[in-house]
Amino acid sequence: MTTDVQQDGTAAAPPGRAAPGEAGRRLRARRRRDYLLFAAFAAPNFFFLLVFAYWPVVYNAYLSLTDWDMVSSSWHMIGLDNYASLFDDPDFRGSLWTTVLFVVGVVAGGLVLGLATALLLNQRLRGRDVVRTLTFAPYVLSGAAVGTLWLFLFDPNYGLVRPLLAPLGMAAPAMMTDSKWALFGLVLVYLWKNTGFVAVVYLAGLQGLPRDVFEAAALDGAGAWTRLRRIILPLLSPVTFFLLVTCTISTFQAFDVIAMMTQGGPGTSTSILSWFIYDQGFRTFDAGRASAAAMIMFVVLLLITGFQARFLERKVHYQ
Amino acid sequence: MTALESPPDLRPADAGSRTGVRRARRFGLHALLVLVALIAGGPLYWLISSALKTNPQIYSYPPHWIPTDLRWSNFSDAWHAAAFGRYFLNSLVVSAVGTAIELVAALLCAYAFVFLPFPGKKVLFLFLLGAMMVPGHVTLLPNFLTVAQLGWVNSYAGLIAPGLGSVFGTFLLRQHMLTLPKEITDAARIDGAGHLRTLFRVVLPMSRPMVITVALVVMVGKWNDFIWPLIITSSDDMRTLPIGLLFLKNTETFANWGAILAGAVMVIVPVLVVFFFAQRYIIAGLTQGAGK
Numbered sequence: 001m002t003t004d005v006q007q008d009g010t011a012a013a014p015p016g017r018a019a020p021g022e023a024g025r026r027l028r029a030r031r032r033r034d035y036l037l038f039a040a041f042a043a044p045n046f047f048f049l050l051v052f053a054y055w056p057v058v059y060n061a062y063l064s065l066t067d068w069d070m071v072s073s074s075w076h077m078i079g080l081d082n083y084a085s086l087f088d089d090p091d092f093r094g095s096l097w098t099t100v101l102f103v104v105g106v107v108a109g110g111l112v113l114g115l116a117t118a119l120l121l122n123q124r125l126r127g128r129d130v131v132r133t134l135t136f137a138p139y140v141l142s143g144a145a146v147g148t149l150w151l152f153l154f155d156p157n158y159g160l161v162r163p164l165l166a167p168l169g170m171a172a173p174a175m176m177t178d179s180k181w182a183l184f185g186l187v188l189v190y191l192w193k194n195t196g197f198v199a200v201v202y203l204a205g206l207q208g209l210p211r212d213v214f215e216a217a218a219l220d221g222a223g224a225w226t227r228l229r230r231i232i233l234p235l236l237s238p239v240t241f242f243l244l245v246t247c248t249i250s251t252f253q254a255f256d257v258i259a260m261m262t263q264g265g266p267g268t269s270t271s272i273l274s275w276f277i278y279d280q281g282f283r284t285f286d287a288g289r290a291s292a293a294a295m296i297m298f299v300v301l302l303l304i305t306g307f308q309a310r311f312l313e314r315k316v317h318y319q
Numbered sequence: 001m002t003a004l005e006s007p008p009d010l011r012p013a014d015a016g017s018r019t020g021v022r023r024a025r026r027f028g029l030h031a032l033l034v035l036v037a038l039i040a041g042g043p044l045y046w047l048i049s050s051a052l053k054t055n056p057q058i059y060s061y062p063p064h065w066i067p068t069d070l071r072w073s074n075f076s077d078a079w080h081a082a083a084f085g086r087y088f089l090n091s092l093v094v095s096a097v098g099t100a101i102e103l104v105a106a107l108l109c110a111y112a113f114v115f116l117p118f119p120g121k122k123v124l125f126l127f128l129l130g131a132m133m134v135p136g137h138v139t140l141l142p143n144f145l146t147v148a149q150l151g152w153v154n155s156y157a158g159l160i161a162p163g164l165g166s167v168f169g170t171f172l173l174r175q176h177m178l179t180l181p182k183e184i185t186d187a188a189r190i191d192g193a194g195h196l197r198t199l200f201r202v203v204l205p206m207s208r209p210m211v212i213t214v215a216l217v218v219m220v221g222k223w224n225d226f227i228w229p230l231i232i233t234s235s236d237d238m239r240t241l242p243i244g245l246l247f248l249k250n251t252e253t254f255a256n257w258g259a260i261l262a263g264a265v266m267v268i269v270p271v272l273v274v275f276f277f278a279q280r281y282i283i284a285g286l287t288q289g290a291g292k
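Chains A and B, in that order, give the protein sequences.
Okay, so the first sequence: first residue is 1 according to UniProt numbering, each after it adds one.
Okay, so the second sequence: first residue is 1 according to UniProt numbering, each after it adds one.
Check before you lean on any hint, since a few could be wrong.
Stated by the list, open to error - One side only, chain A facing chain B, incomplete, derived with CB under 8 Å:
hint, residue
1, Arg31
2, Ala53
3, Val57
4, Gln123
5, Ala144
6, Leu149
Think of the hints as simulated: they come from the structure by calculation, not from any bench.
A virtual CB, placed ideally from N, CA and C, is assigned to each residue, including glycine.
Extracted from the complex, chain A is given alone in its bound form (with noise of 0.2 Å):
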């Protein structure tokens, strides 16, 4: 590839002359090397696309329509039957039902939490880069680590949440062994990790915002309330509607934190769609049902982008 690229070493023809005869050959020759020169440069990405993402979703397909147990040498063609066998599985649908909760929490709370804290970097306060620093750290480190730092936090009897809570006459709960607590801990976990993310894309968002849309707001008399809900959040739709599609997308499958917190439990009470994934292929050795499983969690996240795709082009007209 590359003796073959370094040898064409003559300059590009000026675009859209058309050249007859003689030269008019030359620009063909040199047009199709270029259409070679493309497929040697993009082929390494594209195979490993296909080969690592593209051809995956057809296997995985084709998969979750068998028997497989991740062990034998053969396998049969169930149809259908592994689709049927999740959903009147009450785990699966236990599980469908722990995502929405925790999608939600995570998403929710992170956009509410991270706009506030725009609105508070984006004032003129000392200080307020290296608290943008700060709260966009959690963001970049890693899942297994977080977790790792969470639990020890939540520890009821060493964690910190046992000498925050004393003074409010409160005793620690067992955050990550109570059935009740632990999936409420990992959306607090997720909302630590992600708020920075979430607020400095606000923030970019409000710092590109007119001017005087605010000083015409001001001079109306209208107070700040009015003006978050009435000018800054209509404006900022498009920004949120980007959060709203990327957060949910990656908070489907949010899963170092819980392997390392809860590992979908107690019971399966933190078994969200991701975890149930995991544990039917590589616990349970169910490789069909995984396989169905993580095709209903790919329908489930076309169905999202598709409905950005339509709604970013009706709705969202502000900018």
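For this one, chain A is given, so just place chain B on it according to the hints.
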């Protein structure tokens, strides 16, 4: 600039009380800012300071807010309880080699889309972007089978290969290359430079900030990657740091928080250091797309 602050000269009011209110407001806002900083940074401080405490200090109540005599023994504990040196090396190899390959593939691909002609280029680009829609969980089993067929289970190749495809990096690099003045690359070509030379001698130096951004974001992603290394490694000597941490936690349970926290610090600190020095690039990369 400050969205919620009223312009100063528009409301005639009693000047004295107005500055009083403003002062109180600014004080309140600064207090809020401190609170946000504590919530964001407090847990990190607690992790790092606790990793430097002795186990009796960790297990005491009320807590020691500041570690009195700094102890590194937790780190040697972690180092001995589990092969953290080896995990560290594995993480480094996997993320560095993976990033290098992915980055070169992304650069070549982005260059082709911007500077070379091809029939149906737009459709191909949509096809490329489409790969972003495939959730990792759909690829788990098939990629495991592919890698197993290649005989790469529990090897560096198996750890690295499935993560090499680049959608986001290619997208960012392409967007950036589109903004480069065509005259410069044309001039390079007239001077007799081939496309590869133009890419590495002309386009690459002009894209430095974007290349750094993509490299850092990709590398941090690989360093933190969890589910794939969890599935594809089967022996202790191939585990990466996050997986090693999971196994350390599962074996030590909560009897030895000191060592577990030291392990977590080893996972976090390299990323924190890179983040604090290069946050401009990392934040820009991770929040891309928001404006569009």
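Against the structure, the hints come out as follows:
1. For Arg31 (chain A), the interface hint holds, since its Cβ comes within 8 Å of a Cβ in chain B; the closest pair sits about 7 Å apart.
2. The beta carbon of Ala53 (chain A) comes within 4 Å of a beta carbon in chain B, closer than 8 Å, and the hint placing it at the interface holds.
3. Nearest Cβ of chain B to the Cβ of Val57 (chain A): about 6 Å, under the 8 Å cut. The hint holds.
4. Because the closest C-beta pair between Gln123 (chain A) and chain B is about 5 Å apart, less than 8 Å, the hint holds.
5. The criterion of a C-beta within 8 Å of any C-beta in chain B is met by Ala144 (chain A), whose closest approach is roughly 4 Å, and the hint holds.
6. Interface hint status for Leu149 (chain A): upheld, as the beta-carbon distance to the closest one in chain B is roughly 5 Å, under 8 Å.
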